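K.L.:
Residue-level listing of the chains:
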Amino acid sequence: MLGFTRTRLLLIAASLTASLCWAASGWAPLADDGLHDPNGPGIRLLQQPGDALSNLPGDTAGNNVHWIPALQKGVIVPREKIGKDTPVRRYDRDVFLNLYGSMPAVRFPHKPHTEWLDCSNCHDQLFKPKAGANQISMFVILQGQQCGVCHGAVAFPLTECRRCHSVANDLAQRLAAEQAIADAQPDAHARLEQMRREASVPLLPSPKGTP
Amino acid sequence: MMPSGLRRIGIALACIGSFLTTPVFAEYADVVLNRMAEKEGMRPVIFPHWFHRIRFRCKVCHAELGFKMRAGSNLVTMGDIIDGKFCGACHNGNIAWAPENCDLCHSGKPGLPPGIFGGHDTNGPGRW
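So the protein sequences, as listed, match chains A and B. Residue 185 in the working numbering is what sits at position 185 of the first sequence, and the numbering runs on without skipping anything. Residue 255 in the working numbering is what sits at position 44 of the second sequence, and the numbering runs on without skipping anything.
Any given hint could turn out to be false.
[What the hints assert, rightly or not] In silico BS3-like pairs for lysine-lysine, Cα to Cα no more than 27 Å straight-line: (1) A:Lys-130 / A:Lys-84; (2) B:Lys-279 / A:Lys-128; (3) A:Lys-130 / B:Lys-279; (4) B:Lys-296 / A:Lys-84; (5) B:Lys-279 / A:Lys-81; (6) A:Lys-84 / B:Lys-279; (7) A:Lys-111 / B:Lys-279; (8) B:Lys-279 / B:Lys-250; (9) B:Lys-296 / A:Lys-81; (10) A:Lys-130 / A:Lys-73; (11) B:Lys-279 / B:Lys-320.
Simulated from the structure, these hints should not be mistaken for lab results. Note that the structure is a prediction, hence the values are computed from the model and not measured.
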């Protein structure tokens, strides 16, 4: 009885050690991820997450990869378009939100978002491109709407509160006020209109036709 | 009767074991496509966001190619892919492997439900 139990314990311990090894490293082999068929013919040919992701800047959530520095430092060089005539649109403006809440204010940086995404991914379906025009709520985000379309699904998850709620309220209030003053300068309207014109350039249809 | 120390270790290991073996360790944002695959006699498709993200920015698929950003809102057919739409914009033998490499995409376990999976902190939109 005791011998059998010990053997069984040893077996459990051995399998646990193996599981813990990749649980600690963060990336399960495809054959153990619960999705891939370990007996499928393709499994040996596919790239393993650990092989690719362990070389990228590390993180503690999501894919355990800090994707923004990975892109900005050129560790990865992902393509920006397929069609040669597709416009590439970037925009650099911080938006400060939740200036008077109980959490620190949110700084939404357009720059890293537009490095990955096109304007049309968020505007105007998810967010109206106008300060104060969007009723943004954590309740709705947690349901997978607004920011939660990506954050919590593919971008860093909603457990990482302070990555968005990152600016002290008084500082955010000042920065937002400075933005408002800058926006009120004589040429600000023209610059904004120019930006809007550029941003509203419709995407050219992809060569084979967009569904 | 087991010595109490051993029994405690056993119980602890059993607890950790059940914790480790029950969840799915899918990589964050892996998507399973299986609304049609198994009905057509193929394994489900596993789409790994991490793999594609290294090589393409989100906007390529979600703006240029027209993939909506919601699991379940894109009905992808092999006909479309062969016509160069959806996955077929790259999986055409030029940019990425061609559609005849069935098993590289149709690599999932039989019986998987379609949807987005995550191995770390969330299970995707609406199921946080």
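K.L.:
Report the numbers of all earlier hints that the structure fails to satisfy, in ascending order.
P.N.:
1, 10
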